[in-house]
Amino acid sequence: MSLFQLSWKNLTNKPLSLALNLILFALGTGLISLLLLLSTQLQEKFDKNLAGIDLVIGAKGSPLQLILCSMYHVDTPTGNISIKEAKPFMRQGHPLIKLAVPLSMGDNYENYRIVGTTHDILSLYNAEVKEGKKWEKTWEATIGAAVAADLGLKIGDQFQSSHGFASDMDMAHDGDFVVVGILKPNGSVVDQLILTNTQTIWAVHEHAAEAISDTIIAHDAHADDFKPLIEYEDREITSLLIQFKSRNYMTLNMGRSINENTDMQAAMPAFEINRLYANMGVGVDALQALAFAIILVSGLSIFISLFSSLKERRYELALMRVMGASRSRLFFLIILEGLLLAVLGCVLGLLLSHGGMTILSGFMKDAYRYAFSGWVFLKEEWILLAAALGIGIIAAVIPAIMAGKTDISNTLAEG
Amino acid sequence: MLQTKALQYTYDGHNQLHFPDIDCKKGEQWLLLGQSGSGKTTLLHLLGGLLSPNTGVVNIDGTNIASLKGSALDRFRGQRVGIIFQKPHFVKSLTVEENLLLAQQLAGAPASKSRIRELLERLNVGHKSRSKPDRLSAGEQQRVAIARALVNQPAIILADEPTSALDDVNCNEVIHLLEEQAAAVSATLLVVTHDSRLKAAFRNQIQLSSLQGNPS
Chain P
1 MSLFQLSWKN
11 LTNKPLSLAL
21 NLILFALGTG
31 LISLLLLLST
41 QLQEKFDKNL
51 AGIDLVIGAK
61 GSPLQLILCS
71 MYHVDTPTGN
81 ISIKEAKPFM
91 RQGHPLIKLA
101 VPLSMGDNYE
111 NYRIVGTTHD
121 ILSLYNAEVK
131 EGKKWEKTWE
141 ATIGAAVAAD
151 LGLKIGDQFQ
161 SSHGFASDMD
171 MAHDGDFVVV
181 GILKPNGSVV
191 DQLILTNTQT
201 IWAVHEHAAE
211 AISDTIIAHD
221 AHADDFKPLI
231 EYEDREITSL
241 LIQFKSRNYM
251 TLNMGRSINE
261 NTDMQAAMPA
271 FEINRLYANM
281 GVGVDALQAL
291 AFAIILVSGL
301 SIFISLFSSL
311 KERRYELALM
321 RVMGASRSRL
331 FFLIILEGLL
341 LAVLGCVLGL
351 LLSHGGMTIL
361 SGFMKDAYRY
371 AFSGWVFLKE
381 EWILLAAALG
391 IGIIAAVIPA
401 IMAGKTDISN
411 TLAEG
Chain E
1 MLQTKALQYT
11 YDGHNQLHFP
21 DIDCKKGEQW
31 LLLGQSGSGK
41 TTLLHLLGGL
51 LSPNTGVVNI
61 DGTNIASLKG
71 SALDRFRGQR
81 VGIIFQKPHF
91 VKSLTVEENL
101 LLAQQLAGAP
111 ASKSRIRELL
121 ERLNVGHKSR
131 SKPDRLSAGE
141 QQRVAIARAL
151 VNQPAIILAD
161 EPTSALDDVN
171 CNEVIHLLEE
181 QAAAVSATLL
191 VVTHDSRLKA
201 AFRNQIQLSS
211 LQGNPS
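Residue numbers (the numbering used here), protein chains in the order written: chain P, 1 to 415; chain E, 1 to 216.
Isolated chain E, as found in the complex:
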């Protein structure tokens, strides 16, 4: 489902990052652990096609994403990859529901308010669907961000430090929800974090070494 081979990325011309090969099967849930500066976010962006590697290959669902160009890559990402960021951001002028509608529309999926309502209910934020995102608490925002990543039933869900801004209670809840919802759409889940609270929750783990090439 998600495979990488010999991924390498160079910052500023000389700071080289080498990444271990990854091979996640459909429906598997993985934890990618690494300290700050180990290139976690870079790896996640490479996997999501937000960055292109200097060398190496990323395969998602049998497609080498380097073969997709421009808007085709954008469309592919919108349909197949759900990304959850450390800090949940939204289109501020839209309500929670409209943000999810936008996610459907941008990915070229048909608008389905019932799907959105069902998803928000399942994530326990159904009552906030008509609120502006900045009226929500941090926990609620992260749940809406999960809903947005799930709304197009992606093949892969990438989460970048989804819990670092949350307290223990919210942290457990969010991770639990992520696992549960990824399983519900049988998506492959990859969580990138330095948060050791999550270690216990994942069977499959990859450790990024903190010294790669020449980190500054």
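So here's chain P without its partners, still in its complex pose:
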């Protein structure tokens, strides 16, 4: 009958009080751990998808919306920009710009966004083709790993897009896409995209326009596949992702000058995302404060249940002294009970948060275009466990001192 066994039996002898303490503690630590998991993974994904993009050029509107739409694919576009206006930034050999990746959006297949772009997007996100090849001709699509896995698409499969960003059969376009390639999974947003060329997006919408006007004209899709985009001056794209050769005051001025002198806007991802973190931070801080309050209450609850159990167990403790237990042994018995409660509660909370995260990640994938993982352990969680140990000890220390000070003779004389 070790001290450990004894304290465990003392705890399990009161299952209701044990359950209450464990649940309270698990709630507090679980909430903190869940917040940690969410914010670190969200931040991680956001940072990863910054992908060295220095500037996003798109239609005027909310800069954050432009960033979220063009880089994270979670919001709708602010509108379109004409190639005529964007042309100066798309031209090869611009002195400041290393890469300019055009994006055309507006369609989806089974909720996965179809993006008309150039092969440069692959180098931006360091994506590689796993199977098949990159899209070349109109209607050819190279799909992200998550799209392929989720929808079970293989090379050679055909599908029809639908208009907008949510799957809706009534809005289906005609014209069949052909899967020609599948990308390696790399954890970036590309995993969740269907990539094709810009002309295809135009063709899809031309088709739609023709269908509405009821003048069906044979669609010549393949004729101008290889004409550079900048020659389509009367066409539009959604946005332009810009990577500079290097950052300096000239690149800083470029954004300002676009905003002041054109009908387009330029948004800086790093700046907008930091603003987003700051806004999100308020909510996270509030939840964290709530979680700490719960942990505090659960520490108090451990203290109260140990304290009140002492009253009932006074005779028991005196008896243990009679049987040869020293003061320090009684002290450690109570400390151990507090520790056990806190550690078990904390472990239960961590299990809850990681299990919850696994379930949540299913829902979050649609909302944020990223797969979250429930089974990642952060070093902050070790700190959480250490803090739980501390709270267990602090909650138990006063009852433990009282247990150690039990006056054997007085207690036993009372009978």
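Calculated directly from the structure, the hints in this document are not laboratory data. The reader is advised that the hints may include incorrect statements.
Stated by the list, open to error - Think about it this way: if two alpha-carbon atoms lie no more than 25 Å apart in a straight line, the pair counts; the simulated BS3-like pairs of lysine-lysine are:
| no. | chain 1 | residue 1 | chain 2 | residue 2 |
| --- | --- | --- | --- | --- |
| 1 | P | 405 | E | 69 |
| 2 | P | 154 | P | 134 |
| 3 | E | 5 | E | 25 |
| 4 | P | 311 | E | 132 |
Said to hold, decoys possible - Derived coverage of chain E by chain P (criterion: at least 3 residues anywhere in the stretch with Cβ under 8 Å from a Cβ of chain P; other residues may be distant):
| no. | stretch |
| --- | --- |
| 5 | 65-76 |
| 6 | 81-93 |
Ideal Cβ positions, reconstructed from N, Cα and C, are used throughout, including at glycine.
Given the coordinates of chain P, assemble chain E onto it according to the supplied hints.
Chain E in isolation, oriented as in the chain P frame:
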């Protein structure tokens, strides 16, 4: 085996209790009679080292227990002195068997389930070894308390009113068992009581006078 000399204890600074000297030889069985307020329990606690006297000496098995400090005294008590209280109390979360295991462990004795089983059988409560103590009748509880006092084969067994809560049948049985088991481990037995039913059972008796100093 058990000797006291000029024991004196003061309650609340002025209620002085003086106790007669005691000298019990190994294996002897003594009855200490006294009315309520005569300091019976105080004396028992002094003998068991649960209280320390203002003056005077308690010698157990040649050791002056005043010379033992802190956990050494706790350990000595656990090994050498078995105490049975008026109301049997146990560690409620443990079974009868586990309570006895705890007594062995706290005294630093090796755990011996066979010894516990044998003892409980002898006291006729073997079938209750896996029950929680509060499921037992008063008589059974007192027998388990005796088993616990005996489990480490102490040199001295002190019993404080072991029969006051029992009816005549259980009273006789418990006293008989106490005497028998104390003899089996050749321990010195000292029973403190006001229960006159026990007078006939003991040859050696000490009477505590009811007026000592200034009882309140």
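Q) Which numbered hints does this structure break? A) none
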